[in-house]
Amino acid sequence: MIKYSMYVKESSFFHTLDPRTKMIILSSIFGLALLYKDPLYLGTIAVSVLLMIRFLCKIKIRRLATYIRPILPLVFMSLLLWPFFQPTGNIIFEYWKIRVSEDGIRMGLAMTFRIFAIITATFLLLMTTLQRDLILGLMKFKVPYEYCLTLAISLRYVPTLAGITYTIMDAQRSRGLELDKGPIFKRIRNYIPIITPLIIGSIRMAEELAIAIESRGFGYGERTFLKEIFLKKRDYATMLIFILILGIGVYIRVLGYGSMAFI
Amino acid sequence: MKAISIENLDYSYKNGFEALKKINLEIGSGEFVAIVGENGSGKTTLVKHFNGLLLPSNGKVSIFGEDTRKSTRTYLTSNVGLIFQNPDTMLFADTVEKEVLFGLRNIDIEETKNRVDKSLKSVGLDNYKEKFPRYLSRGERQRLAFACIIAMKPKIIILDEPTTGLDARESRKLLDIAEDLRSKGHTIIIVTHSMELVAEYSKRTIVMENGSIFYDGPTRDLLSRRDNKLIKKPAITELSHLYDGILRLDNFSVEDIASELASIYKTRGGI
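Going line by line, the protein sequences match chains R and S.
Note that this note's numbering has the first sequence beginning at 1, numbered continuously upward.
Note that this note's numbering has the second sequence beginning at 264, numbered continuously upward.
Calculated from the structure, these hints are not laboratory results.
For glycine and all other residues, C-beta sits at the position ideal for the given N, C-alpha and C.
Heads up, some of the hints might be wrong.
If you want the ones that stay clear, here's a sample from chain S, every Cβ over 10 Å from chain R, calculated [as the list claims (entries may be wrong)]:
{"hint": "1", "residue": "E281"}
{"hint": "2", "residue": "K311"}
{"hint": "3", "residue": "F327"}
{"hint": "4", "residue": "D351"}
{"hint": "5", "residue": "D430"}
{"hint": "6", "residue": "D439"}
Only pairs whose alpha carbons sit at most 25 Å apart, straight line, appear in this in silico BS3-like list of lysine-lysine [said to hold, decoys possible]:
{"hint": "7", "chain 1": "S", "residue 1": "K333", "chain 2": "S", "residue 2": "K394"}
{"hint": "8", "chain 1": "R", "residue 1": "K181", "chain 2": "S", "residue 2": "K311"}
{"hint": "9", "chain 1": "S", "residue 1": "K376", "chain 2": "S", "residue 2": "K392"}
{"hint": "10", "chain 1": "S", "residue 1": "K333", "chain 2": "S", "residue 2": "K361"}
{"hint": "11", "chain 1": "S", "residue 1": "K416", "chain 2": "R", "residue 2": "K181"}
{"hint": "12", "chain 1": "S", "residue 1": "K384", "chain 2": "R", "residue 2": "K181"}
{"hint": "13", "chain 1": "S", "residue 1": "K284", "chain 2": "R", "residue 2": "K181"}
{"hint": "14", "chain 1": "R", "residue 1": "K58", "chain 2": "S", "residue 2": "K277"}
{"hint": "15", "chain 1": "R", "residue 1": "K60", "chain 2": "S", "residue 2": "K277"}
{"hint": "16", "chain 1": "S", "residue 1": "K436", "chain 2": "R", "residue 2": "K186"}
{"hint": "17", "chain 1": "S", "residue 1": "K333", "chain 2": "S", "residue 2": "K376"}
{"hint": "18", "chain 1": "R", "residue 1": "K9", "chain 2": "S", "residue 2": "K265"}
Chain S is nowhere near these chain R residues, computed Cβ spacing over 12 Å in every case [unchecked claim]:
{"hint": "19", "residue": "K9"}
{"hint": "20", "residue": "S48"}
{"hint": "21", "residue": "L72"}
{"hint": "22", "residue": "T88"}
{"hint": "23", "residue": "M139"}
{"hint": "24", "residue": "C148"}
{"hint": "25", "residue": "A152"}
{"hint": "26", "residue": "I164"}
{"hint": "27", "residue": "I168"}
{"hint": "28", "residue": "Q172"}
{"hint": "29", "residue": "L177"}
{"hint": "30", "residue": "I195"}
{"hint": "31", "residue": "L198"}
{"hint": "32", "residue": "G201"}
{"hint": "33", "residue": "I213"}
{"hint": "34", "residue": "T224"}
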């Protein structure tokens with residue numbers, strides 16, 4: 001079942017960090033994931049993120065899997081499609097104009113690990129930070145409150161919209177709609193009765209939400225907060241460590257490691 | 264043959280929450296049954312088993328003798344119609360007529376025109392055929408959702424909290440349509456919180472509590488029970504209980520009755 005917030009209540013080291021520190025960690029992981037192109041390096045980054053979630057955040061992989069499962073098709077699509085667009089190097093398989101090469105497979109693996117690392121790192125932030133703290137953190141980085149609220153609402157409404165989608169699917173199945181029946185184009189068309197009420201419902205919900213937040217004084221003037229956040233020693237130390245890791249990563253890359261010959 | 268028969272039904276959601284526990288139930292053809300209970304008691308989970316939207320974790324649900332696990336969607340849709348609380352989860356077409364046609368095409372019905380006309384007439388929307396469904400009022404949209412199901416001629420019709428957000432007149436209109444269908448042999452199951460409507464329309468009531476059936480029997484007997492805290496009885500039923508209590512007092516005077524009623528009125532904040 002999808003919950004309204006991805007936050008997992010724990011008393012881990014990561015949970016106690018300031019949201020700004022976690023954003024620096026996230027940026028550092030993003031930087032490393034975008035820097036390297038070798039599947040071995042990217043695989044190491046992806047596994048490290050998983051280990052961080054398990055041991056530094058004390059979050060069970062099973063819990064993480066609930067959120068990762070819906071994005072797995074995207075990850076695997078990258079693994080399957082990349083080999084077709086990188087037909088250089090040793091050809092392993094050839095049929096008509098389709099050539100699958102060793103480089104292509106390595107590229108597919110690299111992109112898969114990259115996407116996986118970036119997504120799980122984002123989950124790392126969302127699973128250890130309350131949305132309220134996330135907004136406060138972003139505001140400390142001088143992001144306007146309107147943008148922060150938009151982000152918070154988007155995150156908050158993903159599970160709500162998923163819930164509405166399931167209800168709509170049930171309602172249409174009750175009218176005999178079989179989503180997974182027929183050829184591919186018919187299956188795509190089958191989603192029209194799902195998507196239309198979902199879009200109309202979302203627009204209506206957005207209108208109501210706008211009225212609700214305006215009626216509570218949104219945009220009236222400067223905003224105050226009940227809770228304040230402060231950077232502690234552990235935050236400075238953690239930030240330093242991750243900036244160093246990124247620095248070392250850049251240095252290794254400049255030395256010529258972590259790339260692939262054909263790129 | 265019973266319209267619905269359930270044997271030892273258990274259902275747990277993926278997160279491990281046990282929504283239904285050891286449900287045994289039989290509903291005959293032509294019955295008007297109300298399912299009531301607090302939020303989260305398992306009412307909607309139960310009715311979703313009737314048309315195969317959910318399949319039992321344990322036990323068996325049969326619709327006219329056919330196990331829902333082995334039934335096709337077409338069979339279930341043709342026999343069991345489920346109308347959701349919010350009609351907007353259903354409506355997507357650009358005209359009322361197309362909206363009704365959608366379900367008929369899904370189950371390969373050919374005599375569509377006659378069915379569309381009849382179903383729209385039965386819910387009083389026969390003059391709205393070319394209208395955009397979203398422009399209708401909430402009550403009309405709910406009746407349109409009803410028409411979409413009626414057109415498919417299911418022998419069992421389930422209304423899941425159909426009167427939420429409707430005024431008394433629209434609620435009554437909807438329930439009158441349901442009662443009319445029942446008199447023609449359909450089985451009607453209504454999930455609701457409104458005991459007034461239950462008292463008026465339903466002869467049998469099932470009360471659910473924490474995923475189990477707490478009471479299953481005549482509505483009349485349920486309302487005459489004084490100990491039942493699970494349901495909020497209609498005001499008139501409560502008043503009759505209170506009046507009955509006063510009459511049992513020995514040596515009462517008119518003043519006693521007046522003061523007794525006044526104190527009841529005060530504690531309840533009105534009847």
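Hints, verified against the model:
no., hint, verdict
1, E281, "holds, 14 Å"
2, K311, "violated, 7 Å"
3, F327, "holds, 17 Å"
4, D351, "violated, 6 Å"
5, D430, "holds, 20 Å"
6, D439, "holds, 22 Å"
7, K333/S with K394/S, "violated, 39 Å"
8, K181/R with K311/S, "holds, 21 Å"
9, K376/S with K392/S, "holds, 11 Å"
10, K333/S with K361/S, "violated, 31 Å"
11, K416/S with K181/R, "holds, 23 Å"
12, K384/S with K181/R, "violated, 32 Å"
13, K284/S with K181/R, "violated, 33 Å"
14, K58/R with K277/S, "holds, 23 Å"
15, K60/R with K277/S, "holds, 17 Å"
16, K436/S with K186/R, "violated, 38 Å"
17, K333/S with K376/S, "violated, 32 Å"
18, K9/R with K265/S, "violated, 49 Å"
19, K9, "holds, 16 Å"
20, S48, "holds, 29 Å"
21, L72, "holds, 17 Å"
22, T88, "holds, 44 Å"
23, M139, "holds, 34 Å"
24, C148, "holds, 31 Å"
25, A152, "holds, 25 Å"
26, I164, "violated, 7 Å"
27, I168, "violated, 5 Å"
28, Q172, "violated, 7 Å"
29, L177, "violated, 5 Å"
30, I195, "violated, 8 Å"
31, L198, "violated, 9 Å"
32, G201, "violated, 6 Å"
33, I213, "holds, 22 Å"
34, T224, "holds, 36 Å"
Hints 2, 4, 7, 10, 12, 13, 16, 17, 18, 26, 27, 28, 29, 30, 31, 32 from the list above are not met by this structure, while the remaining hints are.
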